[in-house]
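Each of the two chains sits in its own frame; use the hints to bring them together as a complex.
Chain order of the listed sequences is A and B.
Letter by letter, the first sequence follows residues 1 to 156 in this note's numbering.
Letter by letter, the second sequence follows residues 157 to 587 in this note's numbering.
Since the hints were derived computationally from the structure, they do not count as laboratory data.
Here a beta-carbon is modelled for each residue, glycine too, at the ideal position from N, C-alpha and C.
A hint or two may mislead.
[Unchecked claim] In the DSS-like style, the derived pairs of lysine-lysine whose C-alpha atoms are separated by at most 30 Å in a straight line are: (1) Lys285/B with Lys53/A; (2) Lys53/A with Lys525/B; (3) Lys56/A with Lys338/B; (4) Lys140/A with Lys69/A; (5) Lys181/B with Lys418/B; (6) Lys418/B with Lys53/A; (7) Lys292/B with Lys338/B; (8) Lys329/B with Lys53/A; (9) Lys329/B with Lys37/A; (10) Lys181/B with Lys53/A; (11) Lys122/A with Lys525/B; (12) Lys53/A with Lys340/B; (13) Lys351/B with Lys37/A; (14) Lys299/B with Lys31/A; (15) Lys547/B with Lys181/B; (16) Lys122/A with Lys31/A; (17) Lys299/B with Lys37/A; (18) Lys338/B with Lys37/A; (19) Lys340/B with Lys351/B; (20) Lys547/B with Lys56/A; (21) Lys418/B with Lys387/B; (22) Lys56/A with Lys299/B.
[What the hints assert, rightly or not] Footprint (simulated), chain A over chain B, 3 or more residues, beta carbon under 8 Å: (23) 293-307; (24) 333-345.
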Amino acid sequence: MDDTTILVVGIGNEYRNDDAIGVVVVRSLKKNLPCTKIIETTGDNLNLIDIWKDPKVVILVDAVSSESKPGTIFRYNALTEPIPTLISFHSTHVFSIAEAIELGRTLHQLPPNLLLFGIEGKNFASGTSISPEVENAIPKVVEEIMLVIQDFLRYI
Amino acid sequence: MTNKTIKVDYLARVEGEGALYIKVKDNKVSDVKFKIFEPPRFFEAFLRGRKYTEAPDITARICGICPVAYQMSTVHAMEQAFGVSVEGQLRELRRLLYCGEWIESHVLHVYMLHAPDFLGYQDVVQMAKDYPDIVKRGLQMKKAGNAIVSLLGGREIHPINVRVGGFYRAPSKQELAQLAEKLKWGRDAALGTVKWTSQLPFPDFEQDYEFVALRHPSEYPFNEGRLVSNKGLDIAVQEYENHFVEEHIEHSNALHSILLGKGAYFVGPLARYNLNFDRLSPLARQAAQDAGLFSTCRNPFQSIIVRSIETLYAFDEALRIIDGYEPPERSSIEIYPKAGIGYACTEAPRGILYHRYKLNEAGLIENAKIVPPTSQNQKVIEVDLRHFVEKSIDLPEDQLTWQCEQAIRNYDPCISCATHFLKVYIEPQSE
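Isolated chain B, as found in the complex (with noise of 0.2 Å):
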């Protein structure tokens, strides 16, 4: 094709809505435009004039896939700001709870988002058609991830059991040794679920990435560590804003984050199995090289394999804590609000989530910041697609489309993360 432009209103299989204009002109890409509808501005705002203790509560509605991903970078920037830090079975409760949103938010991506491209289905519901016990597998495991976040988060949906300082209840350890059970059958489903993607075909298609991680001397990073990349970045969560700025940009309502000096960057599971490969249990390990992959993997489609191991690894992880799970004495630690700025990043299934607050004596929010991955990887996502239409620029028109938005659903992107209107077509009736 030498002249045309591709433009796609709705996207299909991703959180939310976004749209990709892709403009091609003597057979080369000349525009390309990955549209965001809705910044989460409006929460930085509401926060204002909030007390911390609120904020767990409110940063969880950003994101109904990942509310515990926003409570986590809440609490720990509230903490860092506190000058406290909470350890021990606390530390690990909240590892687990972690564990148990990677488990539904990357099952609901492998299953239900992803999957159907790469077998050539228009969407989950044909897949299901041809392939049930598959999707029943997925929807299984996703139970069990939303198991462990009901019990610990308190609430079935939405976890309110989360607080600055640690949790309102501890659970018993024979309310978490019942989800053991469970755990165990997910990990299995997750083992199978490693060899099953990594059995799909993948399009030839390496880019050199800069990707950007937490690294922590000794896990596989949730809620700690430095932020890191594969190109010379080792700095502490408190720098970040040294390091990345946001850029708007003119078609979308989203801000462009770059890193100074070097441009896009690439957040998220891929980065994160990149950056932390030793870090996976023995278990995990094996089963990536079992499938075929290195310590090293650049091609973003294969991230449903990354995704799967992933959650393989949290299964893992998440017996491993239940299995040593002594009640502690307390279930939150004592919290004494000063003046002063916070900053967390905590690992949310979709890449790093980046939180800084600036209170008053009185504990009163004065100012947020939260950048969340998805607009993080909005300028890789748009250097990708470049890439991918100009090697591709041959196919048909439709089936070019189709492979874009396979291209941006390999970022597992969260764009809106937070309407869940009904969207109806109304037949005009004919005359």
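Extracted from the complex, chain A is given alone in its bound form (with noise of 0.2 Å):
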């Protein structure tokens, strides 16, 4: 195994508030995990199809907006279920995750296995506080994700 094949990626903005989560979770991931290469992503999603592609494994942890209750935390298997934010042409953020998996999906462009966690926030304007009810969400995703790291180390 070399050193890129977990690959964990935070996506967020540190400067809008809750856009920040991704990044901030995968702050809180344990250091020098073996075969795991950690890293945080902001603005480009499509350059993503690009860095996935020698990984086995690929967690994304990102913000959501649903209207769900903050804090919320959702997981999808974006191998074998579709992420539900294309139901409406016009209400797809350019160039999301989700848009970027179903691109890769059409290339056959995809890692092997891909997890994606997603924790739905609050407050996306300016600013660089993360809500309490976001921020109480991490624990539990940081759990989550050593257990699939854990999980794919013991099996590959």
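This is the structure we're talking about:
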């Protein structure tokens, strides 16, 4: 196994309040996990299609806006289920993670395992503070991601 | 149609979120509102009290698609305040970095956001089902642009190598040479892109614009030049606020920028192209001519061809810089902060990006003003929509709506630039 067998990507902007949650979660993960690379991205989701090409397992962490209760945790296995965002053409946030995933799927450029963790955000205005309800979800998501990583390390 | 209201709450395929509202009464357009949701005012406030050295990394966060543009405007404004100028190979490296960003941004727009419109697809995912090789070509081109930004910028997504005075680290000749093969492929792919886009079907829609861009004595502009227009403007960048003012528009959080005494003006690739055609490399000029474009283009739908030509230029220019590169003695010049005001305008992919900073003797920022290209195009987008809708008033509503969205996408507007959350729609449980 090389260092990029498992890739964890925290997606978010630290200057847009709850939008930072993906980045905050990955910074809370244990450091120096074997065969695991942790990166942060902000802005250009299309680059993901290239970034996730080589690893065997890719875990994405992002903020979600779905009018659910703030702090709600969503989990998707992108290889086996569609991400429910492309329902309405007019509502798509351009080059959302979902669109990058769907484009990757169409071009047969998805990694063998692609998991997506989303945390419902409350406040996406400019700023550097995370809402308490959203922050409270961090330990659970971190725990679940660690379990996923440990599982894969055992079986790959 | 006689009376109707067209309302689109979220515009697909523009960076960020936006909304469009058009009211038609008695067959005439009675109201057009292009709504913006988020201005960059937070950053202007956030920068206050920070050291000038922190500004490039902070402003890079304003736009996820064009962080380099923000960094370039920032460092040039600071250097202008301190009375220094970055020349030689460091200056070339900055141009190279901008080439990488133009390639990434333009290719994203041409292939993923704009082309689907012309070919009748809802989005690039649908287009990729029928044209997988074309979309893959776009992705590879974007990757080549990203390779430049990663190498020079120091980190894959957000460049962190840029500093006031130059860079934290300059690349070796060998590191840059390794990019050359990828960029040569990219240049050929860009030529193919110009040909491909020139054959798309374009509506007949020419307007009489006041184009505004930088103009430099010898280069196609990135970081330096005077601000000029096709209707008599010719000023130093420091004079920007004497000629361009912002007026607050009630329905939108953004401020509409206007040219005093004139009104709406148009920045971006079409403006640069019209004002600097003679500064393109011979290869890019020839490709433009082969594509049927002359030195002026006033049809905003054809901006897709112009972006392709600029992408070709960027690959060409990047290869020229790499070919002539010799590592500089120092990765940055010495900076001695002093009190003053610094001004800069650089050509972001979407057009001129103006920064102004007031600094104290310790080099701390007292205040900042940032005017992104998209807010400068706000007014001309609304004006265009008004003309466009009037011409197309007899189309069925859903077709007209889509055409309006297309018209907005011509400008490649980058609206909020900054949120990345997943918008999830949960179907209600059936009873």
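Hint check results:
Using a Cα cut-off of 30 Å, the hinted pair Lys285/B and Lys53/A holds, with the two alpha carbons roughly 19 Å apart. With a CA separation close to 40 Å, the supplied pair Lys53/A and Lys525/B exceeds the 30 Å bound. Between the alpha carbons of Lys56/A and Lys338/B the distance comes to roughly 26 Å, so the proposed pair stays at or under 30 Å and holds. Simply put, Lys140/A and Lys69/A have alpha-carbon atoms about 16 Å apart, close enough for the 30 Å limit, and the pair holds.
Proximity of Lys181/B to Lys418/B is assessed by CA-CA distance (about 28 Å); at most 30 Å being required, the pair is judged to hold. A threshold of 30 Å between alpha carbons decides the hint, and for Lys418/B with Lys53/A the separation of about 51 Å lies outside it, so the pair is violated. Our distance criterion of 30 Å between C-alpha atoms is met by Lys292/B and Lys338/B, whose separation comes to about 15 Å. Between Lys329/B and Lys53/A the CA atoms are separated by roughly 28 Å; this keeps the pair inside 30 Å, and the hint holds.
Of the supplied pair hints, the one linking Lys329/B and Lys37/A holds, its CA atoms being roughly 29 Å apart against a limit of 30 Å. A C-alpha spacing of about 53 Å is found between Lys181/B and Lys53/A, which places the hinted pair above 30 Å, so the restraint is violated. At roughly 29 Å between alpha-carbon atoms, Lys122/A and Lys525/B fall within 30 Å of each other, so this suggested pair holds. The suggested pairing of Lys53/A with Lys340/B holds, with an alpha-carbon distance near 23 Å, which does not exceed 30 Å.
For the hint linking Lys351/B to Lys37/A, the alpha-carbon distance of about 40 Å lies beyond 30 Å, and the restraint is violated. Distance restraint check for Lys299/B and Lys31/A: the Cα-Cα separation of roughly 29 Å lies within the 30 Å cut-off, and the hinted pair is therefore satisfied. Proximity of Lys547/B to Lys181/B is assessed by CA-CA distance (about 14 Å); at most 30 Å being required, the pair is judged to hold. Of the pairs offered as hints, the one joining Lys122/A and Lys31/A holds, with about 28 Å between alpha carbons and a cut-off of 30 Å not exceeded.
A C-alpha spacing of about 20 Å is found between Lys299/B and Lys37/A, which places the hinted pair at or below 30 Å, so the restraint holds. Between Lys338/B and Lys37/A the alpha-carbon distance is near 26 Å, which keeps this suggested pair within the 30 Å criterion. This hinted pair checks out: Lys340/B and Lys351/B have alpha carbons roughly 17 Å apart, not beyond 30 Å. Restraint check for Lys547/B and Lys56/A: the C-alpha separation of about 53 Å exceeds 30 Å, so the hint is violated.
Simply put, Lys418/B and Lys387/B have alpha-carbon atoms about 10 Å apart, close enough for the 30 Å limit, and the pair holds. Between Lys56/A and Lys299/B, the direct Cα distance comes to roughly 21 Å. Compliance with the 30 Å bound is thereby established for this hinted pair. Counting residues of the stretch 293-307 of chain B whose C-beta lies closer than 8 Å to any C-beta of chain A gives 4; at least three are required, and the coverage claim holds. Here the stretch 333-345 of chain B counts 0 residues with a CB under 8 Å from a CB of chain A, which misses the bar of 3, and the coverage is violated.
Hint compliance for this structure: hints 2, 6, 10, 13, 20, 24 are broken, all remaining hints hold.
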